[in-house]
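Visitor: Sequence:
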Amino acid sequence: MHTRTIIAVITAALAFTLAGCSSDKADSAKSSTPAATAGADISAAEKAAGIPPEPDSAQRAVLLAGLQAIDPWLVGDEDEAIDNARNQCSTISGGGNADATAKSHFSTPAHEVTDDEAKAINRVLKVALCLG
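Each residue of the sequence shown is one higher than the one before, counting from 21 in this note's numbering.
Where hints are given, some of them may not hold.
Quick list of in silico lysine-lysine cross-link-like pairs, DSSO-like style, CA-CA up to 30 Å [as the list claims (entries may be wrong)]:
{"#": "1", "residue 1": "Lys67", "residue 2": "Lys146"}
{"#": "2", "residue 1": "Lys123", "residue 2": "Lys146"}
{"#": "3", "residue 1": "Lys123", "residue 2": "Lys67"}
{"#": "4", "residue 1": "Lys123", "residue 2": "Lys139"}
{"#": "5", "residue 1": "Lys67", "residue 2": "Lys139"}
Derived by calculation from the structure, the hints in this document are not laboratory data.
Could you put the whole structure together from the sequences, leaning on the hints where they help?
Guide: As structure tokens, this is what we get:
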């Protein structure tokens, strides 16, 4: 397992992302439509369950790069990988058996996640997504 490589990829991607960030509070204040309120209700339920919000495009790129560095099979379906990662955060923050759950969330009929890969997945998620 190339843990140093994975951490380096995530660190570089996060540094790049943070350097390019700008805050525009005016745009975020404009989103008070009913659709945004419904989304807020779903986000509150997800937050209570320990599930982080959908990552923005930069976070998504960092997360997918970290998972890809572990094994390309993990990001064969990028949307599924993101959903699996968000759900896995619930186990990480809830104190369950994160390694077993990572194996369950990320294994496919074509690829069984190993114990080492499960540990690496959880390390990536703790840095790239499960920040809370």
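Visitor: Determine for every hint whether it applies to the structure shown.
Guide: Structure-based check of each hint:
1. Of the pairs offered as hints, the one joining lysine 67 and lysine 146 holds, with about 16 Å between alpha carbons and a cut-off of 30 Å not exceeded.
2. Distance restraint check for lysine 123 and lysine 146: the Cα-Cα separation of roughly 16 Å lies within the 30 Å cut-off, and the hinted pair is therefore satisfied.
3. For a cut-off of 30 Å, the pair hint linking lysine 123 to lysine 67 stands: about 23 Å separates their Cα positions.
4. Between lysine 123 and lysine 139 the alpha-carbon distance is near 9 Å, which keeps this suggested pair within the 30 Å criterion.
5. Distance hint between lysine 67 and lysine 139 is fulfilled; the C-alpha atoms sit about 23 Å from each other, no more than 30 Å.
In terms of the numbered hints stated before, the structure departs from none.
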